[in-house]
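Residue numbers (this note's numbering), protein chains in the order written: chain A, 985 to 1279; chain B, 4 to 381.
Errors might be hidden in some of the hints.
35 Å max Cα-Cα, derived DSBU-like pairs, lysine-lysine [what the hints assert, rightly or not]:
no. : chain 1 : residue 1 : chain 2 : residue 2
1   : A       : Lys1271   : B       : Lys143
2   : B       : Lys133    : B       : Lys143
3   : A       : Lys1199   : B       : Lys143
4   : A       : Lys1199   : B       : Lys117
5   : B       : Lys181    : B       : Lys133
6   : B       : Lys181    : B       : Lys171
7   : B       : Lys63     : A       : Lys1199
8   : A       : Lys1271   : A       : Lys1086
9   : A       : Lys1271   : A       : Lys1061
10  : A       : Lys1086   : B       : Lys133
11  : A       : Lys1271   : B       : Lys171
12  : A       : Lys1086   : A       : Lys1199
13  : A       : Lys1086   : B       : Lys63
14  : A       : Lys1086   : B       : Lys143
15  : A       : Lys1199   : A       : Lys1061
16  : A       : Lys1271   : B       : Lys133
17  : B       : Lys117    : A       : Lys1086
Which bits of chain A does chain B cover? Going by a derived footprint, with three or more residues having C-beta under 8 Å, they are [as the list claims (entries may be wrong)]:
no. : segment
18  : 1162 to 1175
19  : 1190 to 1203
Read the hints as simulated data drawn from the structure, not as lab findings.
A quick note: this is a predicted structure, and the numbers were derived from the prediction, not measured.
The beta-carbon is built from N, C-alpha and C at its ideal position, and this holds for glycine as well.
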Amino acid sequence: MWQQLHNRFGLPLTMAIVGLLGVWLILMVLLPQWQMIDYSFHPSLLPSERGGEKDVWTLANYVTFFHNDIHLAIFFKTIWSSVLVTALTLVVSYPLAYYLAKVATPGQAALCLLLLIVPFWINEILRTFAWYIIFAFRGPLNELLFALGLIDRPIRFLNGDTGVLVGMVYAYILFMVFPLYNAIESLDGNQIRAARDLGAGWLRTHRRIVIPHAKPGIATGCIMTFMLAAGSYAVPALLGSPGSRWFTQIIYNWFFEGGDWNQGAAYAFLLLALCILFVTLVMRIFKVGLGDIAK
Amino acid sequence: MDGRVSLDRVAMRFGDFTAIQPTSLEIQSGEFFSFLGPSGCGKTTLLNIISGFLTPSEGKVSIGGEEMIRVPVNRRPTAMIFQNLALFPLMSVYDNIEFGLEVRGVDRSARRRKADELLELVALGGSGHKPVSELSGGQKQRIAIARALAVEPRVLLLDEPLSALDLKLRQHMRTELKAIQRQTGITFIYITHDQGEALTMSDRVAVMSAGRIEQIADPMTLYRDPATAFVAGFVGENNRLAGHVTAADGELVTLDAGLAVAVSGRARQPLAVGDSASLYVRPEQWRVGTPDDLRLPFSGIVQAEHFEGAWLTLEVALDSGPTLRVQVPHVVTGDGVDAQLRVGGSCRLDYSPREAVVLPGAEPSPEAGEVADVAATA
Ligand SMILES: Nc1ncnc2c1ncn2[C@@H]1O[C@H](COP(=O)(O)OP(=O)(O)O)[C@@H](O)[C@H]1O
Ligand SMILES: [Mg+2]
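Build out the structure end to end from the sequences listed, making use of the hints.
Below, the structure written as structure tokens:
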């Protein structure tokens, strides 16, 4: 890469670019993260006690988590709900991606992509809030279902997990659709035709031909959606109920309500580490390598 | 096993564009039938209509006497070999061949037996466990054939399957395809823009141009008796001499083509005196002699020579203008006519009217690629 830049920009400009990149990486990314790691291994102290004899390295912040049943339960619920969100997003996105990649004419595909992307020009909070309005007890969705005669009294969508699930599927659908679309798009249409010609029905054609080909895309989409869902704050905060708290809300509470940054930092890293562990495990099970995903 | 295929006034339109003009034809069970035509003439479209990937705008398709229009692709008794083969790259050779059987619920051991049989047939026994990506071009070709034959189709459809292979392999595969067709007795419908393939393998060939069938005939008839100007120009090489009819005597018709002597040839359809018409003489139908051989009525100057191994191809400008392509056998000992012909030197020519063909119309057929094109003098 150095060589490429050097050939294109010459030595002084290349040094400047690389230098700026380094400064940005170190000041904006590495140092703050390092600071957080450092926090997470120290007890929460008053400013006067910092550097004193109580200021020692400790695992106490991490241990707290494993002794708190409520936090553990919320953590596992977060993982489970994120899996559910990922699965739902996949189920919704796959037909859409297949349609865009293999069925739609270029014009139709462009229109669909535009319609998909336009809502994402609006800020995530506002988009989520729109769902809040739709799901409200006396909101349009209940009115519609009532008018259609499907229900005889309004449903409290925002009470359980429904709101959070729907909100998240909607919030992260693009992160699933695009990798899927890219993967399916690269499949030679004759492969599908050959399978059909040899007698395969649609289900088998997808199971044996399209899905195996799209596996790296499916993995990429699922990992992105899962990580985003597990780390999401706005959607559960707006569409969730006290009974459907997300682990990120606990982290938030440590930082801004408990004022215990050290504890919060430890929780944040736990979430990150455990999610990475989980994803690695799932990739092992489905035999997807990192190389496949990079393709 | 009835592998008859019949098309009844089948037409295909894409929007305003007519890709296939209304076409009717019958293909016999067990026949090796080819569609030959330049790229874009509608061959793939026609094949897709037979296989069921496309529903024709009009007309009926039946296979073995059964109406097919409402039968979806996966239920038709056809199997297709795609231009790019479309082997499943993530599967082994066995899995590729067995795919169609698996779909039909054939159990594992019967599948494997069948796959082994087919691998023997295509001379690739023992390579079943290889991943497809490890095969050479020719081997992939054979696996594609085996995969299609595995489902025991009544009709095998082949869309220019040899076009990706190099010349030697292509020629070898022609022989092999023909042998497989004889051995299995399956109807083969083969499409190609390569006349060599169509002529060497087929029982009958349909020559297509711009969505229309120009002629259906066995290869020899196609070559000797082209029915239209397009076929005369597209199949093999031809010299065209355009003019108008001066005498029509039974089968033989005489034209004034603006040359020193009148030319004549066989007419496939009645022509009247005064009609405009063209005479077609193939390069190898010319007899070439030295300038002093006055028994030969045409004389000209050799403009260029192309050595092609067994043949020497000459471009000869007749004294009255037009340039002909003429082929003479190359004689190794150097005492044949070819040894006396030199670029810039003159020669005399003749042909036998019984071998030449006269077709109506003095206009060249577009696309057909005629070798020499001589306008009639007014
Ligand atoms: N789906 C389609 N929509 C519009 N035009 C098409 C379509 N498929 C084929 N054509 C047109 O029909 C003509 C015949 O195509 P094709 O059957 O593929 O020719 P060939 O196989 O003889 O080269 C071409 O001009 C092509 O552009
Ligand atoms: Mg084609």
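Going through the hints against the structure:
This hinted pair checks out: A:Lys1271 and B:Lys143 have alpha carbons roughly 27 Å apart, not beyond 35 Å. Proximity of B:Lys133 to B:Lys143 is assessed by CA-CA distance (about 11 Å); at most 35 Å being required, the pair is judged to hold. Proposed proximity of A:Lys1199 and B:Lys143 is supported: the alpha carbons are some 24 Å apart, at most 35 Å. At most 35 Å may separate the alpha-carbon atoms for a hinted pair to count; A:Lys1199 and B:Lys117 meet this at roughly 30 Å.
The straight-line distance between the Cα atoms of B:Lys181 and B:Lys133 is roughly 26 Å, inside the 35 Å bound, and the hint therefore holds. Simply put, B:Lys181 and B:Lys171 have alpha-carbon atoms about 16 Å apart, close enough for the 35 Å limit, and the pair holds. For the proposed pair B:Lys63 and A:Lys1199, the alpha carbon gap of about 41 Å is over 35 Å, so the pair is violated. The straight-line distance between the Cα atoms of A:Lys1271 and A:Lys1086 is roughly 26 Å, inside the 35 Å bound, and the hint therefore holds.
With a CA separation close to 26 Å, the supplied pair A:Lys1271 and A:Lys1061 stays within the 35 Å bound. Restraint check: the Cα-Cα separation between A:Lys1086 and B:Lys133 comes to about 30 Å, which is no more than 35 Å; the hinted pair holds. Proximity of A:Lys1271 to B:Lys171 is assessed by CA-CA distance (about 42 Å); at most 35 Å being required, the pair is judged violated. Using a Cα cut-off of 35 Å, the hinted pair A:Lys1086 and A:Lys1199 holds, with the two alpha carbons roughly 16 Å apart.
A C-alpha spacing of about 28 Å is found between A:Lys1086 and B:Lys63, which places the hinted pair at or below 35 Å, so the restraint holds. At roughly 25 Å between alpha-carbon atoms, A:Lys1086 and B:Lys143 fall within 35 Å of each other, so this suggested pair holds. With a C-alpha separation of about 27 Å, the suggested pair A:Lys1199 and A:Lys1061 falls inside the 35 Å cut-off, and the hint holds. With a CA separation close to 20 Å, the supplied pair A:Lys1271 and B:Lys133 stays within the 35 Å bound.
With a C-alpha separation of about 33 Å, the suggested pairing of B:Lys117 with A:Lys1086 holds against the 35 Å cut-off. With 3 residues bearing a CB less than 8 Å from a CB of chain B, the segment 1162 to 1175 of chain A meets the requirement of three and the coverage assertion stands. Remark: the segment 1190 to 1203 of chain A is confirmed as covered by chain B, as 4 of its residues place a Cβ nearer than 8 Å to a Cβ of that chain, reaching the required three.
Hints 7, 11 from the earlier list are contradicted by this structure; the remaining hints agree with it.
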